[in-house]
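So the protein sequences, as listed, match chains A and B. With the UniProt record's numbering applied, the first sequence corresponds to residues 1 to 103, in that order. With the UniProt record's numbering applied, the second sequence corresponds to residues 1 to 103, in that order.
Be aware that one or more of the hints could be misleading.
If we take Cβ atoms under 8 Å as the criterion, some of the chain B residues that face chain A in the derived model are [claimed, not checked]:
#1 M1
#2 F3
#3 H8
#4 P10
#5 Q14
#6 A17
#7 Y20
#8 R21
#9 I83
#10 E87
#11 L89
#12 I90
#13 G92
#14 L93
Treat the hints as calculated values from the structure; they're not laboratory data. Every value quoted in this text rests on a predicted model; they were computed, and no experiment measured them. Ideal Cβ positions, reconstructed from N, Cα and C, are used throughout, including at glycine.
There are 2 protein chains.
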Amino acid sequence: MEFDKLVHQPTRLQIFAYLYRHGETAFPELVEALDVTEGNLSSHLGRMEDAGAVTVEKQFVDRKPQTTYELTDEGQSKFEEHIDTLETLIDGLAGDTDEAGGQ
Amino acid sequence: MEFDKLVHQPTRLQIFAYLYRHGETAFPELVEALDVTEGNLSSHLGRMEDAGAVTVEKQFVDRKPQTTYELTDEGQSKFEEHIDTLETLIDGLAGDTDEAGGQ
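Using the sequences and the accompanying hints, generate a full structural model.
Given below as structure tokens:
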């Protein structure tokens with residue numbers, strides 16, 4: 001079972017999940033939704049961009065600069081693979097019954 | 001959404017999952033099942049023991065020393081909370097439909 005550290009890191013996992021669900025998202029919306037500092041978010045988004053998992057677009061809205069982020073096809077695939085791995089792990093928990101396994 | 005680093009780290013997540021499902025497990029079985037080095041496994045189990053998540057028992061089987069590991073109640077609870085968090089994240093992905101959300 002392989003976990004891709006790019007996706008597995010807790011803050012990035014939540015960024016991936018948010019962008020996967022919501023599509024293109026402006027930076028301030030991500031800050032608010034994920035309850036992270038701007039510096040922390042920038043750092044993780046930068047790493048995701050370096051890995052080819054997100055694209056960044058800068059534009060002006062009401063004369064103010066706005067930066068938006070969107071998962072690339074590769075980013076979506078990486079995230080989907082990661083979720084598949086987690087689901088496999090979770091499904092495995094209910095596999096057999098034994099005395100000490102909980103549930 | 002909070003991720004407990006004790007549980008979230010990839011190798012430990014798999015140790016938690018294995019012990020949760022299989023109950024008390026001997027060290028060599030864990031090495032084989034998780035495909036990790038003995039040193040790496042020892043290090044992670046040590047950290048889990050320090051955190052009160054596993055108990056360690058040493059006994060002799062056929063005159064050979066054998067070390068077994070088992071999740072404590074606290075370890076089981078931590079793991080269950082973590083799985084709940086992951087399930088919440090995964091369930092959230094299918095929440096609304098929007099144009100860029102993949103699936």
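Evaluated hints:
1. M1: For B:M1, the interface hint holds, since the closest Cβ of chain A sits about 6 Å away, which is under 8 Å.
2. F3: 4 Å, holds
3. H8: 6 Å, holds
4. P10: 4 Å, holds
5. Q14: 6 Å, holds
6. A17: Status holds, d = 5 Å.
7. Y20: Hint on B:Y20: holds, closest Cβ of chain A at ~6 Å, below 8 Å.
8. R21: Interface hint status for B:R21: holds (5 Å vs cutoff 8 Å).
9. I83: 6 Å, holds
10. E87: 7 Å, holds
11. L89: 5 Å, holds
12. I90: B:I90 check passes; min Cβ-Cβ to chain A is 6 Å, inside 8 Å.
13. G92: 7 Å, holds
14. L93: This hint holds: B:L93 lies near chain A, its Cβ roughly 5 Å from the closest one there, short of 8 Å.
Consistency with the previously given hints is maintained throughout, with no hint failing.
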